[in-house]
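Residue numbers (the working numbering), protein chains in the order written: chain A, 5 to 305; chain B, 5 to 344.
The set of hints was computed from the structure by calculation and includes no laboratory data.
Any given hint might turn out to be false.
Heads up, incomplete: computed chain B residues facing chain A, CB under 7 Å, no partners named [to be verified]:
| # | residue |
| --- | --- |
| 1 | 105 |
| 2 | 109 |
| 3 | 114 |
| 4 | 118 |
| 5 | 122 |
| 6 | 129 |
| 7 | 132 |
| 8 | 284 |
| 9 | 288 |
| 10 | 297 |
| 11 | 298 |
| 12 | 301 |
Interface residues of chain B toward chain A, partial, derived using beta-carbon atoms under 8 Å [stated by the list, open to error]:
| # | residue |
| --- | --- |
| 13 | 40 |
| 14 | 42 |
| 15 | 106 |
| 16 | 110 |
| 17 | 125 |
| 18 | 126 |
| 19 | 136 |
| 20 | 140 |
| 21 | 251 |
| 22 | 290 |
| 23 | 293 |
| 24 | 294 |
| 25 | 295 |
| 26 | 302 |
| 27 | 304 |
This one's a predicted model, so the numbers in the text were calculated from it and none came from an experiment.
Positions of the beta carbon are idealized from the N, C-alpha and C atoms, including for glycine.
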Amino acid sequence: MNFEALSTCVSSGSCVVTQISTALIIGMLLFMVASGLSLIFGVLGVINFAHGAFYMAGAYFAYAVYQLTSSFLLAFLGGAIGIGIVGVLFERFIMSRVYGKDVLMQLLVCYATILIFDDLVKMIAGPEYKMMGMPEVFALPPFEFAGGFIPPYYVFMVVISLSIGAGLWFVIEKTRLGKIVRALAVNPQMVGALGINTMLLYSAVFGLGSVLAGIAGALAAPTRTLTAGMGLSILIESFIVTVIGGMGSITGALVAALLIGFIRAFGAIGFPLFVDGIMFGMMALVLIFKPSGLFGREPAK
Amino acid sequence: MMKQGLRRDVIVAFLMLGIFIALPFVFTKPALRDFLIYVMAYGLLAMSLNLLVGLTGLVSFGHAAFFASGAYMFGILMQTGKFSIPVAMLATVLGTALLSLIIGAICVRLKEIYFSFITLAFQMFLHSIILTWVSLTGGDQGLRGGIPRPPFMGIDLSDNTTLYMFCVVVFILCVGLMRQIWQSPFGYTLRLIRDNPNRAIFLGVNIARMKLGIFVLASAMASVGGILLALFVSGAYPDFGFWTTSGEAIFMIMLGGTQLFFGPIIGTVLLRLLEHFVSIYTEHHGLVLGIVILVIVLGLRQGVADYVVEWLRRRKEMKMERSGKIESDSSSKVIERKAV
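So that you can see chain A by itself, here it is in the shape it has in the complex:
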């Protein structure tokens, strides 16, 4: 515990700006991963424990494409589309076989997938840490703001994550397709009876959720060291985010992800060892007092 460091930081403008920008990018990455997780759970009722592995694979896909083409746009698309395809295949061949089964079966299947993914990545890309480096497009001088510096890539990340989130919200809440998807979450038999191919929709939703994880991975690649284990911690944190924000709520995921981002960024200065404790403590509090989450629609009881 070092609250002196925290108060010194809060009183200096440059430190605050740096920590806020860190908080924002942690929050945005979490938001992308957690909204995919939350979307899949909201519609399919399964928890994709392999979501963190998708995020990790997305980062590696982007890295591989970037090495080949040195174009960040292609790397970004490669991560997103590649993981979308992986997600659909995973849903069709593995996950759909355990729908309606014990949650333990789903957990076990996902655990097996995580093990396989981690090892495949180690075999193909090598066990050593990888650095993608900042793409040349973003090799611009950082913005100066209140004495602190913000890299342009951070601004790009925040803008693109927020616009994807807004687009997702628009599609789900305002379009006909979104209406069908929401109906699917409530009463799949009825949707099927109306002549809509529910299996196809399930795959599509799972694919979309996976694309979000792939995007998060691709966005993270220039700012993070890539390792096979990088999916694990983000998976746990996105659970916290979905529980705090409410399963199936995109707004909730955004608010909770930002909250976690700020706790992590400022906690790293004030109480680095107890950051996890605070996050899980908050999750426990939310579960005790409002089990459906801050923005959840229906009570879980």
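Put chain B on the given structure of chain A with help from the hints.
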């Protein structure tokens, strides 16, 4: 009926005792003894977790919290040098029971996946406390300096064979106790809660109290597993309470099967053996383990032991159908036995 069951259990317990004690004399490698102690410690964790998962339908993701609390409380008590081993063990089990009473009182109010999440949250909270409270727990280095094993009542646990025997006796006592819970009217009430909670409410069962009861019992049993492991490795590490340990326990019971009393032990042995042999033959042990798990889950769609029991039952039924319908009465008995 009850008496007969009890006699059978006692016979099985003595048989197990005999086998476990004989094993290291037949195969004298110390590696086997170490393997068995690991199996017993993790077996207690998995079996006690199955009291929640298989018996009551409460999927806890945070059971290892009590495993860790057992290891740490015991280690810290022993390091003060003021307690003998049995006293420290008793205090640890009671302390863990108290801890789980507080945590459980909050958790059992939630259902399904929310129960899983809140148990996970408490476990990780505890794990963070272990990491942060360095002066008490040693932080991420674990409880170092070794755990003393002062002799008591003429039993000296610093001798490896004696330690093994001690673990066997404690293990079998705990398994016997869990077996009694599994068979008791309380156990059948828990099955009712698992299968039809509304009916249980109509029958006047206080669901929350029953769930809390089994939560505390299972946690106390898990803490004994933690004690055995702490005694054996002479230390306690934060990993004991990390979520991966809970995950491993879940895989053990899923591999073995949740509906058979000894399923989790079978799963524990399977997972340990699998990890052992896979890591001998290949360095890509995650890949192989993952594929094996996928094949088991997607192929059998249940635990190995559950599958074998089901298969035996079906074979028996088919035989009976062939031998005529005179015995149609007894086939229902076979189904009844499946619940055991």
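Against the structure, the hints:
no.: 1; hint: 105; result: 16 Å, violated
no.: 2; hint: 109; result: 11 Å, violated
no.: 3; hint: 114; result: 6 Å, holds
no.: 4; hint: 118; result: 5 Å, holds
no.: 5; hint: 122; result: 4 Å, holds
no.: 6; hint: 129; result: 5 Å, holds
no.: 7; hint: 132; result: 3 Å, holds
no.: 8; hint: 284; result: 16 Å, violated
no.: 9; hint: 288; result: 5 Å, holds
no.: 10; hint: 297; result: 4 Å, holds
no.: 11; hint: 298; result: 5 Å, holds
no.: 12; hint: 301; result: 5 Å, holds
no.: 13; hint: 40; result: 26 Å, violated
no.: 14; hint: 42; result: 21 Å, violated
no.: 15; hint: 106; result: 12 Å, violated
no.: 16; hint: 110; result: 6 Å, holds
no.: 17; hint: 125; result: 4 Å, holds
no.: 18; hint: 126; result: 6 Å, holds
no.: 19; hint: 136; result: 5 Å, holds
no.: 20; hint: 140; result: 14 Å, violated
no.: 21; hint: 251; result: 7 Å, holds
no.: 22; hint: 290; result: 4 Å, holds
no.: 23; hint: 293; result: 6 Å, holds
no.: 24; hint: 294; result: 4 Å, holds
no.: 25; hint: 295; result: 7 Å, holds
no.: 26; hint: 302; result: 6 Å, holds
no.: 27; hint: 304; result: 11 Å, violated
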